[in-house]
Amino acid sequence: MTQTTLEGTAGVALAIRGLAKRFGAQTVLAALDLDIRAGEFVAIVGRSGCGKSTLLRLVAGLDRASDGRIDADGAALADSGADTRLMFQDARLLPWKSVLANVGLGLSGDWQPRARAALAEVGLAEHAGKWPSQLSGGQRQRVALARALIHEPQLLLLDEPLGALDALTRIEMQQLIERLWLRHRCTVLLVTHDVEEAVALADRVLLIEDGRVGLDLPVPLPRPRARGAAGFGAIEEQVLARVLRQPELVTPLVDELPIAPGALRWAL
Amino acid sequence: MASTHILQAGLGQTSASGERGVFARAGAVLLRRLAPWAAPALLILAWQWAATHGLIGSRILPPPLEVLKAGVTLAENGELWTHLKISFWRALIGFALGGGLGLLLGLITGLSRRGELLLDTSVQMIRNIPPLALIPLVILWFGIDEAAKLFLVAFGTLFPVYINTYHGIRSVDAGLVEMARSYGLRGWPLFRDVILPGALPSILVGVRFAIGFAWILLIVAETISASSGIGYLAMNAREFLQTDVVVLAILLYAVLGKLSDWAARWVERIWLRWHPAYQ
Ligand SMILES: Nc1ncnc2c1ncn2[C@@H]1O[C@H](COP(=O)(O)OP(=O)(O)O)[C@@H](O)[C@H]1O
Ligand SMILES: [Mg+2]
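Protein chains in written order, with the numbering used here: chain A, 1 to 268; chain B, 1001 to 1279.
There may be inaccurate statements among the hints.
[What the hints assert, rightly or not] Partial list, derived from the structure: chain A residues whose beta carbon lies under 10 Å from chain B:
{"hint": "1", "residue": "F88"}
{"hint": "2", "residue": "R92"}
{"hint": "3", "residue": "A101"}
{"hint": "4", "residue": "P132"}
{"hint": "5", "residue": "S133"}
{"hint": "6", "residue": "R147"}
Simulated from the structure, these hints should not be mistaken for laboratory data. C-beta: ideal position from N, C-alpha, C; glycine also.
So here's chain A without its partners, still in its complex pose:
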């Protein structure tokens, strides 16, 4: 094991080797290799249908891989006992349970104080008694986040959790996710279609194409990251250009694009 561990992390290190997933004749993931350090925040981007959700579901143990293995800290992830939580794009709250009971789902014993604390952590303490249908989309996602974090997961998987939110709520949620990650120090895999979001949050941005990791780009910017900061835009453009399969496109030419890169961010 050559993996380094971040200091004071509660996360697990992942080693994915030759991971493949086929649906009938369609190969979605083909021999994917990936190493993630403990406590690292990794963002995964790629065109729609490239297999991002498939990868996350395999890591979460919701689907079975056709081939290959996923190890956590040197043992098969499924047997490692590492607590893994997946947060879906739709919050998937139980509509017939109060917000508090949703957060405490699957807990036993005296779970209520813990659930209240987790709700307070995402800033929703005063909504504990409401039904999920009485919350906004962003609030529902925060409840889902609290529900995942209450288990103190070592690996947190986020599948486009902010995809359905408006721009302002997204930025708020990004800041919340970063804050919670800095506090909990778990390993995070974030799937997003927003390159700016990936660059704002992740230690590394991965691009999945043709069933493999097509780009693996570190983001060595200090946190918290300002979107206007030097280096931020350059990294964002680099990822975008790669996603659009135009690796020769360099920054000076960006102005000649028919559509602003900012607009293209949403088209992935």
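Guided by the hints, dock chain B with the ligands onto chain A, whose structure is given.
Chain B with the ligands in isolation, oriented as in the chain A frame:
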């Protein structure tokens, strides 16, 4: 709501025009409350007028006051309550048996692939038999016994509950089930916290249908053969040409049907209070 509205307006405005406005608004509210009852009230008045002026023979349709009097007499000598109670219990027990069995079968076919394979086709085949077509057979089996009525009611209430339970369970959001599994819910907790509440809106639709059927079947069963119950009250009165009691019995069925529907709605409002439709 309406009264606080009037109060606030009355405190705020003391001028003559203001008061007129208050009265006009109160009048409008009253009118809107009463409007739905205008047509039935007129109809009853017309009925009373036509009956007392000999336009409708009292053998055909006695005046509403006569029906009311018949009701008061029967209530005073206790007969009304005896028959009401018997009909009510028949409906309730028949519904409990049929609905309970429907729920059980629906849970089995909804939850287990093997159960569906074994049972669903058979249940769907029996469902195509109209319950009323069974009456001759039911009389052969049970005579005109209590069991005959309970069987008919149970038979008619089983299928609406069965179908809606089965479909309710099948249409529970698979994403929620997957989520709950990933949070460690299995077996009974998964059923109690996810599958049953998810199927409940559909099950309650089935229950409301079943309650409607229960009364229809009970009316038929009691009218054909009974020695007690509202249907018996009506058939007995027919023999003695007491049209007022016959009309009373019909109205009693209407009231009972309406009351049980209210009860079902009330249960819906309690159990589905999480549902946006009930907030
Ligand atoms: N359960 C499934 N059965 C068949 N095909 C699937 C299934 N899940 C995903 N796919 C296919 O796999 C590909 C990748 O899907 P997905 O991982 O959801 O993409 P995305 O990167 O947009 O999240 C898509 O072409 C999709 O049609
Ligand atoms: Mg996806």
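Evaluated hints:
| no. | hint | verdict |
| --- | --- | --- |
| 1 | F88 | holds, 7 Å |
| 2 | R92 | holds, 4 Å |
| 3 | A101 | holds, 9 Å |
| 4 | P132 | holds, 8 Å |
| 5 | S133 | holds, 5 Å |
| 6 | R147 | holds, 8 Å |
In this structure, none of the earlier numbered hints is contradicted; all agree with it.
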